[in-house]
Amino acid sequence: MPTSLGLHIAAWGCSLVVLLGALAVVSLDNLFRAALSLGVVLLGVAALFVLLEADFLAFVQILVYVGAILTLVVFAVMLTARAHAATSPDAAPVSSSRQQLPAAIVSVGLFGILMLVTRTLLLTVPIQSATPVDLQTLGRELITKFVLPFEVVSLVFVAALVGSVAVALTKPRPAGAPVAGRRP
Amino acid sequence: MVPTLLIVSSALFSLGVYGVLTRRNAIALLLSIELILNAASLNFAVFSRLYGQAQGQAFALFVIALAACEAAVGLAIIIALYRTAKTVLADQVTLLRG
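Just so you know, the protein sequences line up as chains A and B, in that order. Going left to right, the first sequence walks through residues 1 to 184 as the numbering used here numbers them. Going left to right, the second sequence walks through residues 1001 to 1098 as the numbering used here numbers them.
It should be emphasised that the hints constitute simulated quantities derived from the structure, not laboratory data. None of these values were measured; they are calculated from a predicted model. It cannot be assumed that every hint is accurate.
[Claimed, not checked] Some, not all, of what chain B presents toward chain A, calculated at C-beta under 8 Å:
{"id": "1", "residue": "1021"}
{"id": "2", "residue": "1028"}
{"id": "3", "residue": "1031"}
{"id": "4", "residue": "1038"}
{"id": "5", "residue": "1046"}
{"id": "6", "residue": "1048"}
{"id": "7", "residue": "1054"}
{"id": "8", "residue": "1078"}
{"id": "9", "residue": "1082"}
{"id": "10", "residue": "1094"}
Cβ atoms here follow ideal geometry from the backbone N, Cα and C, with glycine treated the same way.
Please take these sequences and the hints and turn them into a complete structure.
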């Protein structure tokens, strides 16, 4: 990777965006805004993939995460919106998070441990070592060495999607029972 | 620059763990899990770039695909749960409490 100043600035900027967005995801009370912050994080990670010269990963990240998963999440937020509306007018008693202090201690401790473990790696790894992976190599690996995991992942994907349709399917209800998503 | 992205990925992972530990809403829990999975795939991409190996990117692709599965199944479960228990707060669902 050409270590020019512009790339460094772009990497730091993207990292800052990713971390601030992640902070918003875990701290915002409004779930819809948290989901949109997740979109910011995902786009920032995609930009980091581009900076790491993993273009295909960046495209997949944008297509799958921002295009599919985020849409799903936003739909789920809207479908369950009445639950949020039912709890939020009471305001104060229902907080959106709990046990913040112990969780903060645990996560900062985890970060410290991770840094301690990877410290030697950060110092010893050669900065300018390898050539970037090109798309042809990746594609060839996916259909030769990793063909079995690749196929298994696609099977898992089909199974998961069919299963989620089966789980979320509206079953016929006895008369008078409220059905989610339909106004009385 | 490339190894310092490991710090970013560790911080992203820790923030995701913080979200999983603190959030009460099940959808917000899923969002935090997405943060954790993103940290993992970022880590794979960093090591793939450092050592010039395509395996890292292949596994990052698998992580992204499985994250899509996880999101679909998780959100379906949450919607079914909302129909049954009329809540999406994970600590208010006590259907299995003896």
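We went through each hint and held it up to the structure:
1. For residue 1021 of chain B, the interface hint holds, since its Cβ comes within 8 Å of a Cβ in chain A; the closest pair sits about 4 Å apart.
2. The beta carbon of residue 1028 of chain B comes within 6 Å of a beta carbon in chain A, closer than 8 Å, and the hint placing it at the interface holds.
3. Interface hint status for residue 1031 of chain B: upheld, as the beta-carbon distance to the closest one in chain A is roughly 5 Å, under 8 Å.
4. With 8 Å as the threshold, the beta carbon of residue 1038 of chain B comes within range of chain A, its nearest partner Cβ sitting at about 5 Å, so the hint holds.
5. Given the 8 Å rule on beta carbons, the hint for residue 1046 of chain B holds: about 6 Å separates it from the nearest Cβ of chain A.
6. Evaluation of the residue 1048 of chain B hint against chain A yields a held restraint, the C-beta minimum of about 6 Å falling below 8 Å.
7. Restraint check, residue 1054 of chain B versus chain A: the minimum CB separation of about 4 Å is within 8 Å; hint holds.
8. This hint holds: residue 1078 of chain B has a C-beta 6 Å from the nearest C-beta of chain A, less than the 8 Å allowed.
9. Because the smallest distance between the Cβ of residue 1082 of chain B and any Cβ of chain A comes to about 5 Å, under 8 Å, the interface hint for this residue holds.
10. At its closest, the beta carbon of residue 1094 of chain B sits 16 Å from a beta carbon of chain A; the interface hint therefore is violated under the 8 Å criterion.
Of the numbered hints stated above, the single one contradicted by the structure is hint 10.
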